[in-house]
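Novice: Throw the hints in and build the complete structure from the sequences for me.
Okay, here's what each chain looks like letter by letter:
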Amino acid sequence: MRRKILSTLQEKFLAQLTPHIIPADGPLVPHFEAKIVQRLDRFLFELPSLLRTLFLWGMRIFDLTAIFFAKPHRRFSRLPEASRFLYIRRMSHTWLRPVRDWLFTCRGLILLFYYSQPEVMAALHFDPRNWAREKVQARRQALNLTETVETIKTYSE
Amino acid sequence: MIRTIDPISRNLDTSCEVCVIGSGAGGAVVAKELAEAGLNVLVLEEGGYYPTSSFSHDPQRMLPRLYRHAGGAIIVGNAPIMYAEGRCVGGSTVINAGICYRTPEAILDHWRDEHGLVELAFEKLVPYFEQVENNLHVMPVPDAIMGEDSLKFKQAAENLRYRYVRVQRNIHACQGTNLCVLGCPTGAKQSTLISYLPAAANYGAQVLANCRANRIVVKNGRAVGVEVSVVDPASQQIRRRALIKAGAVFVCGGALHTPALLFRSGLAKWRSWIGRNLYLHPNLKCVGIFDDQVNSWQGSIQGFQIDEFAEEGIVFGSTFLPPGILALSLPYFGNDSFKLMEYYHHMSVWGALVEDTHAGRVWSLPNKTSLTTYWVDARDQQRFLRAIMLLAKIFFAAGARKVLLPIKNFSEIDREAEVAQIPKLRIRASDLSVFTVHLMGTCRMGADPRTSVIDMDHRFHGLENLFIADASVFPTPVRVNPMLTIMALATRAAQKFVENRKRYLRVT
Chain A
1327 MRRKILSTLQ EKFLAQLTPH IIPADGPLVP HFEAKIVQRL DRFLFELPSL
1377 LRTLFLWGMR IFDLTAIFFA KPHRRFSRLP EASRFLYIRR MSHTWLRPVR
1427 DWLFTCRGLI LLFYYSQPEV MAALHFDPRN WAREKVQARR QALNLTETVE
1477 TIKTYSE
Chain B
20 MIRTIDPISR NLDTSCEVCV IGSGAGGAVV AKELAEAGLN VLVLEEGGYY
70 PTSSFSHDPQ RMLPRLYRHA GGAIIVGNAP IMYAEGRCVG GSTVINAGIC
120 YRTPEAILDH WRDEHGLVEL AFEKLVPYFE QVENNLHVMP VPDAIMGEDS
170 LKFKQAAENL RYRYVRVQRN IHACQGTNLC VLGCPTGAKQ STLISYLPAA
220 ANYGAQVLAN CRANRIVVKN GRAVGVEVSV VDPASQQIRR RALIKAGAVF
270 VCGGALHTPA LLFRSGLAKW RSWIGRNLYL HPNLKCVGIF DDQVNSWQGS
320 IQGFQIDEFA EEGIVFGSTF LPPGILALSL PYFGNDSFKL MEYYHHMSVW
370 GALVEDTHAG RVWSLPNKTS LTTYWVDARD QQRFLRAIML LAKIFFAAGA
420 RKVLLPIKNF SEIDREAEVA QIPKLRIRAS DLSVFTVHLM GTCRMGADPR
470 TSVIDMDHRF HGLENLFIAD ASVFPTPVRV NPMLTIMALA TRAAQKFVEN
520 RKRYLRVT
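For the protein sequence lines, the chains are A and B, in the order given.
If you want our numbering, it's the position in the first sequence, counting the first as 1, plus 1326.
If you want our numbering, it's the position in the second sequence, counting the first as 1, plus 19.
One or more of the hints may lead you astray.
[To be verified] Lysine to any residue pairs mimicking SDA-like chemistry, simulated, CA-CA at most 20 Å apart:
#: 1; chain 1: B; residue 1: Lys521; chain 2: B; residue 2: Asn239
#: 2; chain 1: A; residue 1: Lys1330; chain 2: B; residue 2: Gln256
#: 3; chain 1: B; residue 1: Lys304; chain 2: B; residue 2: Val236
#: 4; chain 1: A; residue 1: Lys1361; chain 2: B; residue 2: Ala253
#: 5; chain 1: A; residue 1: Lys1330; chain 2: B; residue 2: Pro83
#: 6; chain 1: B; residue 1: Lys427; chain 2: A; residue 2: Trp1421
#: 7; chain 1: B; residue 1: Lys427; chain 2: A; residue 2: Leu1422
#: 8; chain 1: B; residue 1: Lys358; chain 2: A; residue 2: Trp1421
#: 9; chain 1: B; residue 1: Lys358; chain 2: A; residue 2: Pro1345
#: 10; chain 1: B; residue 1: Lys304; chain 2: B; residue 2: Lys521
Honestly, the hints are just simulated from the structure, not real lab data.
Specialist: In structure tokens form, the structure reads like this:
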């Protein structure tokens, strides 16, 4: 088992941020907030420790700068929904580059996971699963292969 | 055979004649050539072993498995540059587009004149290129798998009267699945995972997956072994450490990890050029939206390249990004993002590959890690803007109704006339979205030991039996996709080693 990176508070924070990043008019993905928290945790786990620490500090700074840039002047995690949305809009153009960069990184990751969901890909007329299956089958037939295999044998005792 | 963590958790301390670090374009070729010559070869690969049957279209699943840092690796500088690098058995050859071009003659002439590499003349490398091309089944992309986006790209080149070439790829019975960047699910792309490594295994080479090289052990002017950590693929925790004794060591970890390993091994004091001279082939991508459906996921990942501007250091080609990765690179979120992404099947992604002139550097940090920095200078930035302007022009020539540019605050244009505004904008390097997949040149080859790291036989200057065979040996960028150059040079390095094996494997 790998260790968890995000604390409960950080998970809650990301779950609060996510609905403002994904399209409200887009296809609904059941339990997406829970899924995204899991995926982000896995992604952060893969990062080198320096980048991971920067990301987690960025999250804290983004949360705290809301005290100065949002109305009412509270942390992001304690803002009303409408104020959260306005704060995110504002921060996407802010001159505070570390905050803007963090927001864009987090936004990119959330959208990466959102648009990789089967429901969303189907709404985009993109069906790679069946497409790939057909093509694997077509190649096997073309080459008279019974299955796609490497000739490398995995080690077993 | 590939060994994974379970069987080796009992006893890994072993010895071999040649230890090859890395199983990508350099390492796999070296392993096959040396094993074929009868040497006892052990390949160490930091990433896991994922066979073709496990490849899926799902980026969430494949990015953490096949890519370093799950695809989120970043180079620090005035324009943070994301880079993609394979970390799995087969290395970056598993996740690249499989584009194979011989090193341009002009580049090799430059290497000869400026770096004294007289042995790397084009005519002398031709037999190695041919050998690799045969092994990889390199062929021009056939018409049958040419996608609509490639045809539009070609049409644009013809409309503008730009010179273009049909792309050569390492494919065998390719069906145009266009999932190359997530691992080819049909096995058509001849990555080293299904070409060189099985051949090496047939000749008796062993591949250890999930095995990270920590340090090369050097004694009395010779590399005597490699200290390794066996990593649990699920938890990434170190399960055990071991020492692999070796008669010779080939380092093929790529342009970022080869210098990092040499730093950790205390070799920086021997050669001051380790880590310097990092080139990236920065990549800028534009997205075109067409009135008709493009369905760019159908067909070969790239069919043609425009090389009209190759002398300026700019080459254009089409590519494909799954929706998640495309959405990530666009500057929108919320409903704005979906309004645009609804046209995904009308979108085509084309990119410019720019030959950079200003080098970055890999630095050694005190805690045995490394940091990579790269500053985009004014000259290269001008080249980036020129590439974006030309790319927008190519899109409009292909009939695009809208083009999305990789420039912050100027990300959409609807008419070709708007392209002329780009030079008037006050654009900083940090306003550009730059990406790279070609990292080169941090342990450059040269005749002069004072200004290079390895000699013309790929041997580390000053050490009898340490060799480097990957993209880090390039003295300059190669202007084309570097895979074939890496493989041809690795073939040559291995064959030179075999010719002199008695000398290199001498036991002191």
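Novice: Each of the hints needs a verdict: does it hold here or not?
Specialist: The hints, checked one at a time:
1. B/Lys521 with B/Asn239: With a Cα-Cα distance of about 18 Å, the restraint between B/Lys521 and B/Asn239 holds, given a limit of 20 Å.
2. A/Lys1330 with B/Gln256: 13 Å, holds
3. B/Lys304 with B/Val236: 43 Å, violated
4. A/Lys1361 with B/Ala253: 19 Å, holds
5. A/Lys1330 with B/Pro83: 16 Å, holds
6. B/Lys427 with A/Trp1421: 13 Å, holds
7. B/Lys427 with A/Leu1422: Holds - the C-alpha atoms of A/Leu1422 and B/Lys427 are around 15 Å apart, at most 20 Å.
8. B/Lys358 with A/Trp1421: Roughly 27 Å between the alpha carbons, so the hint for B/Lys358 and A/Trp1421 is violated.
9. B/Lys358 with A/Pro1345: 16 Å, holds
10. B/Lys304 with B/Lys521: 50 Å, violated
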